[in-house]
Amino acid sequence: MTKIRKPNAATESVAEEWLRRHLCYEVGMMRQLLPVLAHSPPSQFERNIHIECFHLHARNLIEFFKNKDPCDIDPRRFTKPSYQPDGNFIDKDLEARINQQISHLTSNRVGAKQLGPSDWRKISATIEAEIARFEKHLTKDAEGHWRLGLSDMGL
843 MTKIRKPNAA
853 TESVAEEWLR
863 RHLCYEVGMM
873 RQLLPVLAHS
883 PPSQFERNIH
893 IECFHLHARN
903 LIEFFKNKDP
913 CDIDPRRFTK
923 PSYQPDGNFI
933 DKDLEARINQ
943 QISHLTSNRV
953 GAKQLGPSDW
963 RKISATIEAE
973 IARFEKHLTK
983 DAEGHWRLGL
993 SDMGL
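Our numbering numbers the first residue of the sequence shown as 843 and each following residue consecutively.
Simulated from the structure, these hints should not be mistaken for lab results.
Note that beta-carbon positions come from the ideal geometry of N, C-alpha and C, so glycine has one too.
Don't take every hint at face value.
[As the list claims (entries may be wrong)] Have a look at the derived ranges for each label pair, beta carbon to beta carbon:
(1) 986 to 933: 19 to 27 Å
(2) 884 to 911: 34 to 42 Å
(3) 930 to 960: 18 to 26 Å
(4) 888 to 994: 37 to 45 Å
(5) 905 to 874: 14 to 22 Å
(6) 923 to 863: 35 to 43 Å
(7) 971 to 911: 21 to 29 Å
(8) 928 to 890: 28 to 36 Å
(9) 856 to 922: 32 to 40 Å
Let the hints inform the model, and build the full structure from the sequences given.
As structure tokens, then:
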């Protein structure tokens, strides 16, 4: 049996609800925000909201799929033993830029190349590939919760 790196006190029903409601929410938000970014909103303020939201949801998914803190649910909780998290599925420089420009008030933001449309597509495609890999390894029970959650998100 695969050793879960970060066991937590979540019951099976809590984990199932988390998968169905919260993880699928993150996926749905990222998927729905990408096309919105392609059509420039009327104001810079609204555009910034969409950019920040896209990166927030992308970052949450990156943390989950890398099995990285602060996410405390191990992806292997929902998969067959053959699945292993890939801590290198996204380019480390791209991940660092997301963190520097979107999430952290650091001096690294000054002069850093802004994330733009080609970066957004790359981020989305990379995460989508990891989602597909995760889906292939879901247990039968988890797959049912996953499909229901995506359906609830209109996906």
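We went through each hint and held it up to the structure:
no., hint, verdict
1, 986 to 933: 19 to 27 Å, "violated, 33 Å"
2, 884 to 911: 34 to 42 Å, "holds, 38 Å"
3, 930 to 960: 18 to 26 Å, "holds, 21 Å"
4, 888 to 994: 37 to 45 Å, "violated, 26 Å"
5, 905 to 874: 14 to 22 Å, "holds, 20 Å"
6, 923 to 863: 35 to 43 Å, "violated, 25 Å"
7, 971 to 911: 21 to 29 Å, "holds, 23 Å"
8, 928 to 890: 28 to 36 Å, "holds, 31 Å"
9, 856 to 922: 32 to 40 Å, "violated, 21 Å"
Violated hints, listed in ascending order, are 1, 4, 6 and 9; each of the other numbered hints is respected by the structure.
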